[in-house]
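4 protein chains.
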Amino acid sequence: MEYRKVGKSGLLVSELSLGSWLTFGAQLDIDNAREAMREAYRAGINFFDTAEAYASGMAESMMGEILKEFKREEVVVSTKIFWGGNKPNQKGLSRKHLLEGTWNSLKRLQLNYVDILFAHRPDPEVPVEEVVLGMDYIVRNGLAFYWGTSEWSSKELEEAHKVADRLNAIHPVVEQPQYNMFVRERVESEYRPIYEKYGLGLTVWSPLASGLLTGKYNKGIPEDSRLAKFPGLKKHLEESKLFSSENLKKVERLAAVAKKLDTELAQLALAWILKNENVSSIILGVSKVQQLRDNLKALDVKDKLTEEITKEIYSIIE
Amino acid sequence: MEYRKVGKSGLLVSELSLGSWLTFGAQLDIDNAREAMREAYRAGINFFDTAEAYASGMAESMMGEILKEFKREEVVVSTKIFWGGNKPNQKGLSRKHLLEGTWNSLKRLQLNYVDILFAHRPDPEVPVEEVVLGMDYIVRNGLAFYWGTSEWSSKELEEAHKVADRLNAIHPVVEQPQYNMFVRERVESEYRPIYEKYGLGLTVWSPLASGLLTGKYNKGIPEDSRLAKFPGLKKHLEESKLFSSENLKKVERLAAVAKKLDTELAQLALAWILKNENVSSIILGVSKVQQLRDNLKALDVKDKLTEEITKEIYSIIE
Amino acid sequence: MEYRKVGKSGLLVSELSLGSWLTFGAQLDIDNAREAMREAYRAGINFFDTAEAYASGMAESMMGEILKEFKREEVVVSTKIFWGGNKPNQKGLSRKHLLEGTWNSLKRLQLNYVDILFAHRPDPEVPVEEVVLGMDYIVRNGLAFYWGTSEWSSKELEEAHKVADRLNAIHPVVEQPQYNMFVRERVESEYRPIYEKYGLGLTVWSPLASGLLTGKYNKGIPEDSRLAKFPGLKKHLEESKLFSSENLKKVERLAAVAKKLDTELAQLALAWILKNENVSSIILGVSKVQQLRDNLKALDVKDKLTEEITKEIYSIIE
Amino acid sequence: MEYRKVGKSGLLVSELSLGSWLTFGAQLDIDNAREAMREAYRAGINFFDTAEAYASGMAESMMGEILKEFKREEVVVSTKIFWGGNKPNQKGLSRKHLLEGTWNSLKRLQLNYVDILFAHRPDPEVPVEEVVLGMDYIVRNGLAFYWGTSEWSSKELEEAHKVADRLNAIHPVVEQPQYNMFVRERVESEYRPIYEKYGLGLTVWSPLASGLLTGKYNKGIPEDSRLAKFPGLKKHLEESKLFSSENLKKVERLAAVAKKLDTELAQLALAWILKNENVSSIILGVSKVQQLRDNLKALDVKDKLTEEITKEIYSIIE
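Here the protein sequences come in this chain order: A, B, C and D. In terms of UniProt numbering, the first sequence is residues 1 to 318. In terms of UniProt numbering, the second sequence is residues 1 to 318. In terms of UniProt numbering, the third sequence is residues 1 to 318. In terms of UniProt numbering, the fourth sequence is residues 1 to 318.
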């Protein structure tokens, strides 16, 4: 396992990391989650990601319970604030929810601080000054070492940095965008001017495009898959045209490349992401420990991704 | 119940809210106050307003006791500092009273923080730098999420913002002015340039002009009314010419409009305020729970306030 | 008793106040000190002054013990840091001693904060940036509401203000200089440009010129006087030429003025200081409660100080 | 013992001080370390230096245990952060390690704060903004009074000061470089423009060039010497050419000078360093209490270092 700096910051995260979205408190009970985190740690993963929104807080509670057996300094823990409840002031990035949400997350995680606190989405209803000062408060009060954003546009990032400069506030250092072979625009184009200028790091999610890049949906939707279990997710994906017949065809061609390299499609898809040096870490979501073990094999595939193979992959996905 | 942003800030308050002035610890005992807050909450009210001055601190103590049955994140609590006692340094906005007053208010409220802390009046005896830095201390130490002012002139607000800019201090986001059909100058004219420039929100008090707009004083002063109970208030209102015979005549004409719309004058007067989009919330003061229920009906009247009716009202009150 | 603002700040102090220099822990034991503070409080005095140096900390310990019977908001307590011990780093205004000294003073005073923290002298060995940032730390951490200086030159005050501006740090608001009929230069000339420009307040010490202005030293040194008890003080005063035969003659002429006004010289000397509107408070040091009662009578003498009398006094002391 | 200001800061340190590198927790057990610290304190040493890296934290634990018998205000304690462990994020100057390392060091030292916190090395992997803001957090939260650097280049120091100016953050005040008769370039040339400009103080280490300047290595490596005990150290020194035959010859000539002055070479070497007024303190490392006593005699040698003798020494070592 290699460790990469989160952008220009001094924080080091393992290139593969373990998330808890849709899994902790849902597909994984506490025993399975514990096994997954132990296995991840044994493999060198030091970065564990969660959010107040995941399983209505239960993902944080579960992770917090398990984290007690790790040495605090050896792990990097992140959580995200945005969706904390349905009442007014329980969501978004107002100072009220940002602080109340963080305090509640830390209680569930049984931690004094997280390493990274993410604004889980941009909030057009709140002035960026309020968000930046809220995050500044959190970092300067020791509730988080760093702050970042998730799914913010480059324009929104630019504005946050300008405001941080103007108010002499702590700058964000990391974005958590979706990134995979089928969702590439933001990471490969939109953020391009931002990386160098502000030292942005990326911890990317949905590296397998909600499972599409495992190839398993090429034969219909398996009964125990997330798409079967989370109907909302399925509907969302259908609408986004990710699961189009065109994409399913591309998946078949990509699977052929993987076979040629004597590996699995999922591992190829992960290794391909790791080739992007702007990526700090890929957040894996696993519903079984075996999946984690399979994903970890992606590390061995990195070397097989020659320039030629990369070219071939781009010819399929572009 | 709709929720409105407090100016440009991210904080959401219910368009109607419950105050404690003259009522908590005076017209309402703890049981009645509790019933009022429960009824308010059931109706969707999330914003509760008090002040260190109300009933010599007892309004805060009472509200604090009742607030324990609400989830902290679901309510927005404000208090105001200015009149904390008669000794030197127990009133005004000096750093000493601002901080000691806030600490004492939080103790009575049994809270770690309020959502909004108001400077209850401007204090010409204290440099605005001292007030702004005092409020900055309060927000940056987590004793309040936001700070605001009450009955400050637009010139005083301008100066506070300029000083906050110069000292890189937290800006105020909300004013609490008097506003009703008979007191309109400040909200409708004086603050006009401020709303957009600084994103000012308004939580308005005395929406029924001390009861004048209920019509009840048109037949003399009822025995159980506030005017009968608080002689100082009566004298103040007489001197301010609010209860002039001219105004009493206007009240009769407004009552006729209300009747035409098949509603009560009080409800019309509240609905009329809600038409002003610079208003974030109307603070209701009720001496009986039934009054609250009556006032809540104003929400149904909003739609009846067509352009034509609004014009008619202005022809009466201007 | 009138209350005056400490310069432009919002803090109010009684025009007469009680100090503890040379008295608490020395001439006054705990019972006498308690009686003096109670008498002072009854007379309207709200400001009590001490220092880490006084009686090697015992003045603070004594005052802290007695302060427990007063309501914190009703009193203004100040202490001063400079001489905390003989070891390196136990004196002066280094960040180390400023903070350690303040923590120790607050422990002895049994308080969470003082109202004013004074830098007891300028410290040429420490950069003014370090002093200003140390005081800024103290105020921003709630250990003091305001900070001031004692016996700093106008040049040193100017520099402190400039540095505070540059570092966006909290400004000092008050000086504690010696001021009486025989020591007037600093208060009446040197600080003149500072008062308006920075809003400087003054809490003055030695208003009776170490007793010279009581007239008691005109008949030799009484056995129970401070000069008899503190030989170091006597030597210092002799060297400073304060107790010169020329001054003793002036004292006789001033006593004649007092007699003409049907009052005592000491009371005249205090009332004369109160005529200076740059003075916020006169710090009285008393070795007997009766002395305090006598000094308080100065308040009645203020009105007798007509323009004519003031002129006569100046003709004597200039 | 004289006390010197740490650069322009207000902190005073004894010109000789006691370090714990290679000794506490290694050559010295708790009893010997205690005896050394007591002896040092008796001789007027007030400055004790350690680091998280020394003996894997045991040097701090040992020093912390012994420090309990000293009055906190009378000692100056420093520690250094950089090497806290082998896992990712356990070393370097990232905000994560800087803060976690400091919290852990303070726990081992059983202190609320150190007087000086050093960045034990520069960290090219971390933006200087992150380091400066991390140190600023530490000072503004009362975990250290001052911060400094160890073995930073003048260019790195310049950048830190510029960033501190730009972010209005606390500046570093002290460097801890190696300095002795054989390692002079940085202290005597490179830092020259820095001393006055930023008021840099120096607490220097390895004053005897790892024992070379005791003369003991001129007859081979003694069995109980550090070089015999720490093979890594020996290898490092051989590679650095410090222990070259050329240098061993110089040592012989220097020993002759010492003899002429009726003193030992080690004492001469220390006294020679004290002649440099940019040096605030020499950190002594002793493996026996007797060594400390011998080193303390250097104070008597200072006066013997006439201009002529100094010239003679420079003719040998240049």
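One thing to keep in mind: the hints can contain errors.
Put simply, identical chains are the same to the list, so a pair is met inside one copy or across any two.
Stated by the list, open to error - Using 25 Å as the maximum straight-line C-alpha spacing, the simulated DSS-like pairs for lysine-lysine come out as follows:
| # | residue 1 | residue 2 |
| --- | --- | --- |
| 1 | Lys162 | Lys288 |
| 2 | Lys304 | Lys249 |
| 3 | Lys87 | Lys68 |
| 4 | Lys216 | Lys155 |
| 5 | Lys87 | Lys297 |
| 6 | Lys107 | Lys68 |
| 7 | Lys259 | Lys155 |
| 8 | Lys5 | Lys155 |
| 9 | Lys297 | Lys241 |
Honestly, the hints are just simulated from the structure, not real lab data.
Okay, the hints, checked on the actual structure:
| no. | hint | verdict |
| --- | --- | --- |
| 1 | Lys162 to Lys288 | neither (43 Å within a copy, 51 Å between copies) |
| 2 | Lys304 to Lys249 | within (23 Å within a copy, 58 Å between copies) |
| 3 | Lys87 to Lys68 | between (31 Å within a copy, 18 Å between copies) |
| 4 | Lys216 to Lys155 | neither (36 Å within a copy, 56 Å between copies) |
| 5 | Lys87 to Lys297 | between (43 Å within a copy, 22 Å between copies) |
| 6 | Lys107 to Lys68 | both (13 Å within a copy, 19 Å between copies) |
| 7 | Lys259 to Lys155 | neither (40 Å within a copy, 53 Å between copies) |
| 8 | Lys5 to Lys155 | both (24 Å within a copy, 24 Å between copies) |
| 9 | Lys297 to Lys241 | neither (29 Å within a copy, 47 Å between copies) |
Against the hints set out earlier in the document, violations occur for numbers 1, 4, 7 and 9.
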